[in-house]
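Chains as they are written, first to last, in the UniProt record's numbering: chain R, 1 to 208; chain F, 1 to 561; chain Y, 1 to 313.
Hints are computed from structural coordinates only; laboratory data are not their basis. One should not assume that every hint holds.
[Claimed, not checked] With a straight-line cut-off of 30 angstroms between C-alpha atoms, the simulated DSSO-like cross-links for lysine-lysine are: (1) Y:Lys171 with Y:Lys107; (2) R:Lys8 with F:Lys114; (3) R:Lys122 with R:Lys112; (4) R:Lys122 with Y:Lys107; (5) Y:Lys171 with Y:Lys112; (6) Y:Lys274 with Y:Lys107.
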Amino acid sequence: MSEAALHKPWRSLRRQREAAEFGLWVFLASEVMFFACALTGYAVNRVLWPEAFAAAARETNVLYGTINTGILLTSSLTMAVAAESARAGLRRLTLVCLGVTIAFGLAFLMVKGLEYAEDIEKHLVPGPGFRLDQPAAQIFFAFYWLLTAVHALHMTIGLCLVGTLLAQAWRGSRPLSSPAFEAAGLYWHFVDLVWIFLYPLLYLAGRS
Amino acid sequence: MSGLTAERAIPDRPGRAENYLTAETGLASWLLTTDHKRIGLLYMAAITVFFFLGGAAAFLLRLELFTPEGDLLSADSYNRAFTFHGVVMVWFFLIPSIPNILGNFMLPLMIGAKDLAFPRLNLISWYIFVAAGLIAVYTLVSGGVDTGWTFYTPLTTAFSNGNVLAAAAAVFVAGFSTIATAVNFIATVHLLRAPGLTWFRLPLFVWAIYATSIVMVLATPVLAMVLLLISAERAFGIPIFDPLRGGDPILFQHLFWFYSHPAVYIMILPSFGVISEVVTCYARRRVFGYSFMVYALLWIALVGFLVWGHHMFVSGQSLFANLVFSFLSFVVAVPSAIKVFNWTATLYRGQIVFDAPMIYALGFIGLFTIGGLTGLFLASVPVDIHVTDTYFVVAHFHYIMVGGAVSALYGGLSYWWPKITGRMYPEAWARFAAVMMFFGFGFTFFPMFIMGFLGMPRRYHVYPQEFQVWHVLASGGALILAVAYLLPMGYLAWSLIWGRRAIANPWGATGLEWQTSSPPPTENFDTPPVVVQGPYNYHPEHEGPPAMDREPHSPQGGQPV
Amino acid sequence: MNGFSLWPPTASEQAARIDSLFIGLLVVAGAILLLVAMLLLVFSIRYRRGSSARRGELPEFLRRDVELGWTAATLFLAIFLFWWAGATQLRASDAPPNALEVHVVAKQWMWKARHPNGAREINALHVPRGEAVRLVMTSQDVIHSFFVPAFRVKQDVVPGRFTHMWFRATKPGTYHLFCAEFCGTEHATMGGTVTVMEPEDYARWATAQPQEQDLPGEGAALFVSLGCSGCHAPSAAVHAPSLQGIYGRMVNLADGRTVRADAAYLRDSILLPKRDLVAGYEPIMPSFEGLVDEGDLQSLLAYLESLRGEISR
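For reference, chain R alone in the conformation it holds in the complex (with noise of 0.2 angstroms):
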């Protein structure tokens, strides 16, 4: 754990651990602003449209966004367990931990990757030839269109950093007792708490 190297304005390898932590979640505090933004903008609409949103929100494949609840909040355990292993200096545990994640992580784009194949041949792209005839519907698939494909690009990222982390501690050029792993953690469970609000919005509305 020793080799973990002192950066430069930190006294402490504690400190720096601590940190990182802590800039992440300033980080994410920015990330929740941002998600707020566009879900205020879905709430002010859903409450003037309500009608069109629900019948809406019934086209969307809740089949397919289930199973990639059930996906990510499995991917969440296994990365938890990747950042409490390094944590525990357990590298056969932490690289296992981490290449499940990342398979969680791909199966969840694909499985997104299906559903946007499927919404687009059902017309559901806002725009000429759209499915609905209630304006607003377009406002949903507006909507959903957007908050998917963020929540994708975050998803991205969040498997691009996994991918680093996996690639550095399997050369070992980064120390398991790194900030990283926790940091990274945080990313990804905060990546999949914006799921947890956008699965009900998006696929249980309506449904009920």
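Since chain R is already given, all that's left is putting chains F and Y on it; use the hints.
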């Protein structure tokens, strides 16, 4: 006066061999540096370029407005010029200026740290900033945007024929830089304070940067998402704000101003910090009501999030909402007033020296007071209905942001110049420039209050004859102001080569940043300092001295023995 | 309109009230500015370096009391000013019920006005002195803002909805009309004049305008030509609600809600008929989006409103 303090200040060895400027040489040592001081200078270079670009646009606007007819610029080029002026000045000059130049450089020094918490992130955020700036310049080169910096939809999404997507991308990317810097500052203040430097011993500049950073972290992402929404609407035609398809253009205004009102505080809070440092130092007096000053900063940062609706009194917002936002806007005026009173009271029983930074600070207090008081007019719903979207508003926010923030930037830059560069600037020139800036500013912007009240709407490229006299005054003032802005650039550059070498603490100030050599070594302090008392302890003894030769100050901390 | 002045013409009832508030604020702001400036000046002179004025620490309790004192005073002043401004606004918020209603449509870059008797104007507005005038405004493209400095009124004109404002002119004359919200290339020239006339002059002017159908009359013609009457006329075979007296009435919707059939509701029902379906009817009405412009909509709504009058009479 500087000579006087210099003789009495702690002797030092000017021009020591090793400092952050001379430690490494070569272009790569600058472009790949992780030293917060060098990054501060990189920011200074980039921001100066944007200040010139935005200033050139402003100059064109004032030149065009000299006559009521549109004789210099066409309507379209005028609209593009003021949009470019707004976008560049807001996101590439005012928001980054004090935090990224002075904050980056001074924050670690003032809390006794070796660097910011995440030095590499700091460098990355500079590159992101420059990339964003290049996109902004590309926007101009590729034809410009004619939406105004507020990007109101549906004009922006459906009707504008400018390069909206590039402009939105520029601002979006700049947001990453802002957030990264803010995260860095917050983590630094939380985790890297010197031993003994408790929260309520922090200098007010550090508090100001800290409060600003919090606003940046929480407000900037909202802007990012709004820009994403309008870009998606414009690029892919998906309906979000489009009234023809059930969308609500007023929702855009709510989301936009939820960012952009706090953004005003991002621009002005750091200046509060600078002014507190300068006033205490040159009045040689402990700041009046330190804890109130801190609470006022935090109160402004918090309530600043709740007043965005006062930009929308005529948008068709309900009367009830108008009154609530009006009330909150009056409430947010209180902490600003407290700050002005406290700076004034700090002068009481001081030993005031009128060096250039102090003249800038006094000018700031005057201009900020006018800007703040006219804010009361705008918080009153009926008066705001008359003067909103007129030159009255233009004058009001320029008093805050240009009279306020830019004066503070120049004041802070002069104050810390010896620390940053190790050179003294020519004091007489600096005083002259400071006075000139105050009057140039007044000539430029005070007439705008009058013509705004008379009904001159903003963003007008041609205007009725009767407003010409005020426009001519403003344009004439702008010429003086331009000279006053250029002059310091001249003598500061001059001082780099011919200026006298500065000692560690030329002003006899108490802050930690003055306890290391000028310019500081790469590691900032030879040994980490230890703090023993609160800031601004300029008069440790209770006896009032006419004595000019008394030991003038007691440093906040120093090297442990 | 020309010549040097420091005060804009005051030509409406609201203008006089807003001016007194403005003067009040000027006095308050001037007093505070003077106080701060005097303190800065006096302290700067008295406590300049080396002067012989007495110095020394202030007692702690004094610092605290002064601080609390001016915090409380500022807060009190702020709340007082809020009360004053809020009260002024509340008094002027609603137009009197008998106000003369003028319909305004804004588009890039002109103002179009329709008087109740059908007179049309472009980039000009004639109003009688002493009578309350209520403007019902909407935009065909982007957001504009109707601004008459002499009346101290301004209101954004938003596409997709109606915004209102009202004034009572007090002084005959010709005043500026500006667009105050940036609306594209020719924003600066999107303006005109507002002419205040004596009531009898106004009546003469209105009748001298080219006689077109009045707004409800034009709406009635549209009602037939667009085919509305094919379903909504009392004799029609199609099962569609009669629109006699619908304006302003409460209607029951298919989903159990009850809403008032005001201008906004009726407008939506024409453009988006499937959104708020009336209870007991099939969603068979087609959308008229794209077929009617904002001016047509105003005529149709004026016609529907006139039907209410016939019922109650």
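The hints, checked one at a time:
no., hint, in the structure
1, Y:Lys171 with Y:Lys107, "holds, 29 angstroms"
2, R:Lys8 with F:Lys114, "holds, 7 angstroms"
3, R:Lys122 with R:Lys112, "holds, 15 angstroms"
4, R:Lys122 with Y:Lys107, "violated, 37 angstroms"
5, Y:Lys171 with Y:Lys112, "holds, 23 angstroms"
6, Y:Lys274 with Y:Lys107, "holds, 28 angstroms"
Checked against the numbered hints above, the structure breaks only hint 4 and satisfies the rest.
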